[in-house]
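Make a model of the complete structure from these sequences and hints.
Counting from 1, one number per residue, gives the positions in the sequence shown under this note's numbering.
Calculated from the structure, these hints are not laboratory results.
Careful, some of the hints might be misleading.
Okay, derived cross-link-like pairs now, DMTMM-like style, lysine to aspartate or glutamate, Cα gap no bigger than 20 Å in a straight line [to be verified]: (1) Lys139 / Asp77; (2) Lys138 / Asp118; (3) Lys138 / Glu112; (4) Lys139 / Glu49.
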Amino acid sequence: MDGIKRRRNFFRKEFLYSKWFLIAVSAATVLLFAISAVPFIVRTVTRQEFILTFPNRDGSEFYREVRLAPRFDSPRDRVEELVNQLIQGSVLLDPYPIFPYTTRVNQVAVTEDGILIDLSSEAAETKLSIESAMELVKKNISDNFSGYDSVTVTVNGNDPVVVNKLLEEKDSEH
Numbered sequence: 001m002d003g004i005k006r007r008r009n010f011f012r013k014e015f016l017y018s019k020w021f022l023i024a025v026s027a028a029t030v031l032l033f034a035i036s037a038v039p040f041i042v043r044t045v046t047r048q049e050f051i052l053t054f055p056n057r058d059g060s061e062f063y064r065e066v067r068l069a070p071r072f073d074s075p076r077d078r079v080e081e082l083v084n085q086l087i088q089g090s091v092l093l094d095p096y097p098i099f100p101y102t103t104r105v106n107q108v109a110v111t112e113d114g115i116l117i118d119l120s121s122e123a124a125e126t127k128l129s130i131e132s133a134m135e136l137v138k139k140n141i142s143d144n145f146s147g148y149d150s151v152t153v154t155v156n157g158n159d160p161v162v163v164n165k166l167l168e169e170k171d172s173e174h
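Pasting the structure below:
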């Protein structure tokens, strides 16, 4: 009996230290690493990362949030996706949304040195001052996209300050 145990232990040790066993273990390790890396590679190919800035409710500071969004090829589509992410607001409840959730992106135009963003009229109904809201959009664009000299934000093709004043006048008449 004792000889059989020694023989089994010898073959077990010999097998564990054989080059075929070490090759099989190495191959399995490499295969498992490759399989676990696939989700990270797919995420970087199909997603883009935005760093979004939202105002805090007390108005004293800003809240920054990292968000993954679908990756688009054209600069116009990437800018439009960023603006849509801003309209959705923060995942936390504390920061103010920059615009009401009903705001829509009418148009985005990207040239070599400038970006034009046209929003629907709901954008003028922001809880922030219209100037602050437009500055936040411009800040988010410049934080996430480089190489553009100008960012213009309009509401229904007009200056958002003018649209906001017209809405205020209309509300005061009622």
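Give me the numbers of the hints this structure contradicts, sorted from smallest to largest. Per hint list: zero violations.
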